[in-house]
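Engineer: So you can see what is in the structure, the chains are spelled out below.
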Amino acid sequence: MKNLWDIFYKGLFDQNPIFRLALSLCPALAVTSTVTNALAMGLSVMFVITANNVVVSIFRKVVNAKVRVPVYITSIATIVTVVILTLQAYFPDLYKELYLYLNLIVVFAIILARAEVFAAKNGVVPSFFDGLGMGAGFAGAMVFIAIIRELFGAGTLMGYQVMGASYDPALIMILPPGGFVLIGLMIASFNLIGEYQDKAKSAKQGSEA
Amino acid sequence: MEEYLKLLVASAITNNFVLTQFLGLCIFFGVSKNLNASIGMGMAVTSVMTLSSMLAWVVYTYILHPLGLQSLMLISFVLLIASFVQLLEMVIKKHAPALYNMWGIYLVLIATNCIVLAVPVTNAELHSDFLTSLVRAIGSGVGFSLALILMASLREKLQYADVPKSLQGLGISFILAGMLALSFFGFSGMITL
Numbered sequence: 000m001k002n003l004w005d006i007f008y009k010g011l012f013d014q015n016p017i018f019r020l021a022l023s024l025c026p027a028l029a030v031t032s033t034v035t036n037a038l039a040m041g042l043s044v045m046f047v048i049t050a051n052n053v054v055v056s057i058f059r060k061v062v063n064a065k066v067r068v069p070v071y072i073t074s075i076a077t078i079v080t081v082v083i084l085t086l087q088a089y090f091p092d093l094y095k096e097l098y099l100y101l102n103l104i105v106v107f108a109i110i111l112a113r114a115e116v117f118a119a120k121n122g123v124v125p126s127f128f129d130g131l132g133m134g135a136g137f138a139g140a141m142v143f144i145a146i147i148r149e150l151f152g153a154g155t156l157m158g159y160q161v162m163g164a165s166y167d168p169a170l171i172m173i174l175p176p177g178g179f180v181l182i183g184l185m186i187a188s189f190n191l192i193g194e195y196q197d198k199a200k201s202a203k204q205g206s207e208a
Numbered sequence: 048m049e050e051y052l053k054l055l056v057a058s059a060i061t062n063n064f065v066l067t068q069f070l071g072l073c074i075f076f077g078v079s080k081n082l083n084a085s086i087g088m089g090m091a092v093t094s095v096m097t098l099s100s101m102l103a104w105v106v107y108t109y110i111l112h113p114l115g116l117q118s119l120m121l122i123s124f125v126l127l128i129a130s131f132v133q134l135l136e137m138v139i140k141k142h143a144p145a146l147y148n149m150w151g152i153y154l155v156l157i158a159t160n161c162i163v164l165a166v167p168v169t170n171a172e173l174h175s176d177f178l179t180s181l182v183r184a185i186g187s188g189v190g191f192s193l194a195l196i197l198m199a200s201l202r203e204k205l206q207y208a209d210v211p212k213s214l215q216g217l218g219i220s221f222i223l224a225g226m227l228a229l230s231f232f233g234f235s236g237m238i239t240l
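Which chain is which? The protein sequence lines are A and B, in order.
Just so we're aligned: 187 in my numbering is position 188 of the first sequence, and the numbers increase by one with no gaps anywhere.
Count along the second sequence from 1, add 47, and you get the number used in my numbering.
Keep in mind the hints are simulated off the structure, nothing from the lab.
Hints are supplied without guarantee of correctness; some may be wrong.
The calculated lysine-lysine pairs, modelled on DSS-like cross-linking and capped at a C-alpha distance of 25 Å, are [stated by the list, open to error]:
#	chain 1	residue 1	chain 2	residue 2
1	B	Lys80	B	Lys212
2	A	Lys203	B	Lys212
3	A	Lys65	B	Lys80
4	B	Lys141	A	Lys65
5	A	Lys200	B	Lys141
6	B	Lys212	A	Lys198
7	A	Lys200	A	Lys65
From the derived model, a few chain B residues whose C-beta atoms are all more than 12 Å from chain A [stated by the list, open to error]:
#	residue
8	Glu49
9	Glu50
10	Lys53
11	Lys80
12	Leu102
13	Val105
14	Asp176
Every residue, glycine too, gets a C-beta built ideally from N, C-alpha and C.
Working from the sequences, and respecting the hints, build out all of it.
Structural biologist: Below you can see the structure in the form of structure tokens.
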């Protein structure tokens, strides 16, 4: 049980797809101007990555290594199509706004990478938790970015006014340039935190010795 | 004629894929460390994008749409583009080795990339006719190359700058891209589609 938790947990922080691995950054910038969009996109990716990990893991002994990439891509494309059709049927507004980026989930590096690195070598249950953890890490990072952008850029969260009427929204945060700068600063602060952790760790080891 | 010209400029500059729609960022940040590599990559992306969106247009208009199989669009586009790029690579390797040495390695990288897939998907969504699709593909490719080459030139200058340790690498590149996007923003409103 603890192993499964570790597999889940590493996707959240240590190997966070967006902040640590810097994979699949396109959607992290494109749909994070509102929290609602980011959440929808994050959950869709989480579903695709988990389902795909399970499928790949089930068929890992049947698929010939030489044709594995086309097989993975077909599997991902099928699952993404399911997600798109579901959103189209039940959430037409979200579907309209996210249409292009939903289609592009197919080519997200993180999904193929997890299939290749983890699901192709592990059983169904660990693969499921790996997908869930990576997906949750992805969705969490997306929502985190979106909260900052929507809060400062529009003064709202999920469409509700939060900042008070006197707040003058910094529109730049919602526009593309602000997104780039914000992600740059976030990556830098994650690096900074990592540096301090390393320093604290080595200082601790030094005092023990 | 005028509307095609408008579309060309719009998809290259005002709706620039990289800087306003955040597509192809992996390549954008990966390759822009080096100016020569950026020029090769820009050429490779532009040609693959143009050819593959023409192919995808034919498949969508003559096979998927008449048969009502739009739900298979994604699967067929992805497989189509991936196999087409593989084929292109083999042909170039055999018949134009000089060209292959110049940008053959980039072909493999873009086989399944969001920017190459985005154009056919947009064309299919808007039900564009053949010429419109072609112009959109060329314009997007030119816009991508433009952003990539500008970014590479900026990053070469960055080597002489004293960047704080935690900002080095991706961090400062993103902020730089933000500034570049800001300058592209000056064009917005020039053309509306």
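Engineer: Taking the hints in turn, state whether each one holds.
Structural biologist: Tested hints:
{"no.": "1", "hint": "B:Lys80 - B:Lys212", "in the structure": "18 Å, holds"}
{"no.": "2", "hint": "A:Lys203 - B:Lys212", "in the structure": "23 Å, holds"}
{"no.": "3", "hint": "A:Lys65 - B:Lys80", "in the structure": "32 Å, violated"}
{"no.": "4", "hint": "B:Lys141 - A:Lys65", "in the structure": "22 Å, holds"}
{"no.": "5", "hint": "A:Lys200 - B:Lys141", "in the structure": "55 Å, violated"}
{"no.": "6", "hint": "B:Lys212 - A:Lys198", "in the structure": "14 Å, holds"}
{"no.": "7", "hint": "A:Lys200 - A:Lys65", "in the structure": "43 Å, violated"}
{"no.": "8", "hint": "Glu49", "in the structure": "26 Å, holds"}
{"no.": "9", "hint": "Glu50", "in the structure": "22 Å, holds"}
{"no.": "10", "hint": "Lys53", "in the structure": "21 Å, holds"}
{"no.": "11", "hint": "Lys80", "in the structure": "14 Å, holds"}
{"no.": "12", "hint": "Leu102", "in the structure": "17 Å, holds"}
{"no.": "13", "hint": "Val105", "in the structure": "19 Å, holds"}
{"no.": "14", "hint": "Asp176", "in the structure": "20 Å, holds"}
In summary, the numbered hints that this structure violates are 3, 5, 7.
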